[in-house]
Amino acid sequence: GAGVSQSPSNKVTEKGKDVELRCDPISGHTALYWYRQRLGQGLEFLIYFQGNSAPDKSGLPSDRFSAERTGESVSTLTIQRTQQEDSAVYLCASSYAGTAHYNEQFFGPGTRLTVL
Amino acid sequence: AQSVAQPEDQVNVAEGNPLTVKCTYSVSGNPYLFWYVQYPNRGLQFLLKYITGDNLVKGSYGFEAEFNKSQTSFHLKKPSALVSDSALYFCAVRDSGTYKYIFGTGTRLKVLA
Numbered sequence: 001g002a003g004v005s006q007s008p009s010n011k012v013t014e015k016g017k018d019v020e021l022r023c024d025p026i027s028g029h030t031a032l033y034w035y036r037q038r039l040g041q042g043l044e045f046l047i048y049f050q051g052n053s054a055p056d057k058s059g060l061p062s063d064r065f066s067a068e069r070t071g072e073s074v075s076t077l078t079i080q081r082t083q084q085e086d087s088a089v090y091l092c093a094s095s096y097a098g099t100a101h102y103n104e105q106f107f108g109p110g111t112r113l114t115v116l
Numbered sequence: 001a002q003s004v005a006q007p008e009d010q011v012n013v014a015e016g017n018p019l020t021v022k023c024t025y026s027v028s029g030n031p032y033l034f035w036y037v038q039y040p041n042r043g044l045q046f047l048l049k050y051i052t053g054d055n056l057v058k059g060s061y062g063f064e065a066e067f068n069k070s071q072t073s074f075h076l077k078k079p080s081a082l083v084s085d086s087a088l089y090f091c092a093v094r095d096s097g098t099y100k101y102i103f104g105t106g107t108r109l110k111v112l113a
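Residue numbers (the numbering used here), protein chains in the order written: chain A, 1 to 116; chain B, 1 to 113.
Certain hints may be false.
Among the chain B residues that face chain A by a calculated CB cut under 10 Å, a handful are [as the list claims (entries may be wrong)]:
{"no.": "1", "residue": "36"}
{"no.": "2", "residue": "38"}
{"no.": "3", "residue": "41"}
{"no.": "4", "residue": "45"}
{"no.": "5", "residue": "49"}
{"no.": "6", "residue": "96"}
If you're looking for bench data, these hints aren't it; they were derived computationally from the structure.
Treat the numbers as computed from the prediction; the structure is a model and nothing was measured.
Using N, Cα and C, we set each Cβ at its ideal position, and we do this for glycine too.
Using the sequences and the hints, build the whole thing.
Listed below in structure tokens is the structure:
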């Protein structure tokens with residue numbers, strides 16, 4: 001079946017512009033995560049969705065970052081007034097969140113964001 | 001606060017030799033521990049996890065990991081390395097009381113023919 005997809009795969013933007021990144025999770029996966037991976041570094045947790053709600057937004061670096069999810073499916077991560085330090089690969093992952101909620105995550109290929 | 005440490009940026013091992021990739025963690029509650037692998041030009045893939053029970057867990061591609069509570073470690077192992085195992089390996093932990101996953105900085109494994 002189809003895996004997690006993300007679009008665009010690459011995005012180059014100018015400093016100060018807004019960008020929107022999209023994630024399509026695996027159908028039926030109620031949990032969805034966004035991460036940021038800077039060059040040579042590990043994954044940095046940004047936000048977690050359970051259904052359309054975000055019980056944990058603690059990783060969003062600033063109020064320029066926001067995310068939403070609709071229909072327990074597609075999620076968008078929006079970065080306003082982009083800065084050069086926002087340049088990174090943004091990864092989305094989904095998982096089936098059963099009652100125990102410790103299932104493995106399935107990752108998308110990522111969106112490489114470059115802010116000039 | 002939760003944290004994960006992968007003390008080695010890179011591990012080199014000869015093909016056919018055993019390999020170990022180290023991971024230590026810190027959580028306040030019970031840990032849920034994971035290993036993921038990132039092959040070149042491919043997304044992260046799940047390898048194995050420890051939730052509860054037997055301290056030795058087995059995963060994909062012949063990998064296994066041992067949970068050691070006293071040493072707060074979850075090292076990844078394989079008895080005989082293959083060149084195709086060369087990749088970037090990430091350890092991750094989730095405190096049972098939160099939804100947040102913390103990933104290590106990754107260890108690049110290079111298996112030499």
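Outcome of the hint check:
The interface hint given for residue 36 of chain B is met, as the beta carbon of that residue sits about 8 Å from the closest beta carbon of chain A, less than 10 Å. Checking residue 38 of chain B against chain A: minimum C-beta separation of about 9 Å stays under 10 Å; hint holds. For residue 41 of chain B, the interface hint holds, the least distance from its beta-carbon to any beta-carbon of chain A being 9 Å, beneath 10 Å. Interface hint status for residue 45 of chain B: upheld, as the beta-carbon distance to the closest one in chain A is roughly 8 Å, under 10 Å.
At about 6 Å, the closest approach between the beta carbon of residue 49 of chain B and any beta carbon in chain A falls short of 10 Å, and the interface hint on this residue holds. Hint on residue 96 of chain B holds. Least Cβ distance to chain A is approximately 8 Å, under the 10 Å limit.
In summary, this structure violates none of the numbered hints.
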